[in-house]
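Peer 1: Sequence:
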Amino acid sequence: MSRKIWKDRCINPYEDEGVAHHTGTNFRKISENLLKAKPYLPKNSVVCNDCRLQRFAKKAKMITENNTNISADDVQCTENAPSTVEDNSSTTRLLELEELLQGLKDAFSSLEGNDPMKIKILTICPKSWGIRKIAREFNTTTYLAMKAKELRSIKGILADATAKRGKTLPEETKKKIDDFYNDDSNGRLLPGRKDVVSVAINDVRVKVQKRLLLMGLNELHELFIQSYPTKVISFSAFAKLRPPHCILPGANGTHCVCVCTIHENCKLMLDAINVAKLTEQLESPINNYNDCVQSIVCKNPTSDCFLDLCDQCPTADNISHLLTEALRNASIDEIEYSAWITTGRATLQTIKADVNDFVAEFCTRLQILKPHSFIAKHQSQFISEKKTELRDDEVIVMFDFSENFAYVVQNASQAFHFNNEQCTVFPVIYYYKDKSELKHNCCVFLSNSVKHDTAAVYTIQKQLIPEIKKTVPKVKTLIYMTDGAKQHFKNKYQMANLINHKDDFGLDAEWHYSATAHGKSGYDGLGATFKREAYRASLMAKPSQALLTSVALFNWAKNHFKKINIFYFSIVDHDKSTRHLNKRFNSAIPVRNILKLHSFKVVAPNTLCAKRFSNDQRGVEIQLK
1 MSRKIWKDRC
11 INPYEDEGVA
21 HHTGTNFRKI
31 SENLLKAKPY
41 LPKNSVVCND
51 CRLQRFAKKA
61 KMITENNTNI
71 SADDVQCTEN
81 APSTVEDNSS
91 TTRLLELEEL
101 LQGLKDAFSS
111 LEGNDPMKIK
121 ILTICPKSWG
131 IRKIAREFNT
141 TTYLAMKAKE
151 LRSIKGILAD
161 ATAKRGKTLP
171 EETKKKIDDF
181 YNDDSNGRLL
191 PGRKDVVSVA
201 INDVRVKVQK
211 RLLLMGLNEL
221 HELFIQSYPT
231 KVISFSAFAK
241 LRPPHCILPG
251 ANGTHCVCVC
261 TIHENCKLML
271 DAINVAKLTE
281 QLESPINNYN
291 DCVQSIVCKN
301 PTSDCFLDLC
311 DQCPTADNIS
321 HLLTEALRNA
331 SIDEIEYSAW
341 ITTGRATLQT
351 IKADVNDFVA
361 EFCTRLQILK
371 PHSFIAKHQS
381 QFISEKKTEL
391 RDDEVIVMFD
401 FSENFAYVVQ
411 NASQAFHFNN
421 EQCTVFPVIY
431 YYKDKSELKH
441 NCCVFLSNSV
451 KHDTAAVYTI
461 QKQLIPEIKK
471 TVPKVKTLIY
481 MTDGAKQHFK
491 NKYQMANLIN
501 HKDDFGLDAE
511 WHYSATAHGK
521 SGYDGLGATF
531 KREAYRASLM
541 AKPSQALLTS
551 VALFNWAKNH
561 FKKINIFYFS
571 IVDHDKSTRH
581 LNKRFNSAIP
591 VRNILKLHSF
601 KVVAPNTLCA
611 KRFSNDQRGV
621 EIQLK
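In case it helps, the working numbering puts the sequence shown at residues 1 to 625.
Rather than coming from a laboratory, the hints here were simulated on the basis of the structure. Don't take every hint at face value.
To be verified - Computed Cβ-Cβ distance ranges for the label pairs, DEER-style:
#, residue 1, residue 2, range
1, K462, Q617, 45 to 53 Å
2, A276, T477, 18 to 26 Å
3, P116, L34, 35 to 43 Å
4, K133, A276, 50 to 58 Å
5, S384, A276, 25 to 33 Å
6, K492, N290, 18 to 26 Å
Built from N, CA and C at the ideal position, the CB exists for glycine as well.
Please take these sequences and the hints and turn them into a complete structure.
Peer 2: Below, the structure written as structure tokens:
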């Protein structure tokens, strides 16, 4: 008798009255013993789980019935003739084992994904089963079957494959790492209104301004270990705790502008000759500009070494000779490089030079970079330290003019594109201590006056300082920290205002400046946030409700921002301040070498103490009468 074979159907070889080629689950190939007993069955026949169970159940029933009909006199227990009781017990056990195996399979198939219980179940399989048999029986991958056999050989049956939870980092350490990533010395906020990411905070999506990290994660990890030697943390854990808004150079959306040309030009020159590859075989290879700076200072440098006040420092002849020889050995006679050139406007120019001219130009730029890089690093360090050591009667004030807000409207006419009306945006962040906890407040000043001069800063101070006094009643000293823009911050007029700060506002004051082109801080992100929200609101509004004037922008911002204080001053207010300050400005005395100085503090009437950098132990007293 022949049967039609269905590869995905049960052939039911046990009973003639059974339904052949029916659907089922957990198919198995029929055993060799059954093939010998029923040679007419094809070798590729399969039988389902239900048929196997029915076969065992029927066999057990038959044995039980036969056992019931046997009398005690018929029972003969000899070594060569096993009893029917033993047959019954053996068959029942087979049935129970089959049921047990099916239960394990059902439990296995009910588990999801990478549940560790799956591999735990597979370790129960007989030791004689191979990897493929385990995978076939449980309908799983050979990889999981292999892992189960490996786990059983090491830890035995029902071995736990769940990774044990390691030591958790203290919340204090996590807070330190988060603060470290958000420190202005390790990164800077991007100022663009589109430089934003959406972050989930307490199950609520909020937009956070991007912060560009100034170093790679490896360098930041090493710096963190140096800064906090008692905090033990692996690199992987440190990298995982990087906030999502802290992005790495080269990531999507990292279009950086307003970079420091002093740093950038040196980097461009070293990149042009691939200095790391060029000097890798030398005794003292050069990887970046920091290695070049270290070659022109003493072995254990002091501040005098970086500020060109030490007569023991090596000259640039050593680095000049090293680069010249390396270029000659590489058979390089002419070098093409890019450089930022400022002639009224800054442009990126491509320059060709022979080896001698290239090396001479690089050494000249390196001598300028040495003090500049030192001051940039120490001014950033001073800001971080000052926030930590701030007294209860001191307030740190940081501000700058943001890029003016250009009005936009939905469905604008073509001629509106040439509308040059703008609004001044001046973001402010001030820090203070409240019960030993550092806090900050944010303010934004708006104006229809687009003059960004010292008089505008003074007009803002007249509204800002009463607000600070209201927030911090016991304040006695204001510590200003800004960039060194000579149009409104770093000039003789601002020094004249600083001398009269106590008389004008009743508070002592000192002013600290960042190095050139290194003044990015939290207020840049604040300005970007304000303009992004205003831009979006104006486009969403009806044309009749669009934000097309500084007053309309001010009224909208007062209602929209809950945690930002909004202030406004008009052209009339600016003109009043200008007239008030005219006499003072006309008699203002220029400060010698003001561009090289980065810290000014009033120490006596009409007397300032000026320093090259804020933590310098030496200062120069300047009389302004």
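Peer 1: Mind checking the hinted window 18 to 26 Å against the Cβ distance between K492 and N290?
Peer 2: Since the Cβ atoms of K492 and N290 sit about 35 Å apart, the hinted range of 18 to 26 Å is violated.
Peer 1: Are S384 and A276 spaced within 25 to 33 Å by their CB atoms?
Peer 2: holds (30 Å)
Peer 1: Mind checking the hinted window 18 to 26 Å against the Cβ distance between A276 and T477?
Peer 2: violated (47 Å)
Peer 1: Could you check the hint for me, namely that K462 and Q617 are 45 to 53 Å apart, CB to CB?
Peer 2: violated (35 Å)
Peer 1: Does the hinted range 35 to 43 Å hold for P116 and L34 at CB?
Peer 2: Since the Cβ atoms of P116 and L34 sit about 38 Å apart, the hinted range of 35 to 43 Å holds.
Peer 1: Please check whether K133 and A276 have a Cβ separation lying inside 50 to 58 Å.
Peer 2: The hinted range 50 to 58 Å holds for K133 and A276, with Cβ atoms some 55 Å apart.
The structure fails to meet hints 1, 2, 6 from the earlier list, while all remaining hints are met.
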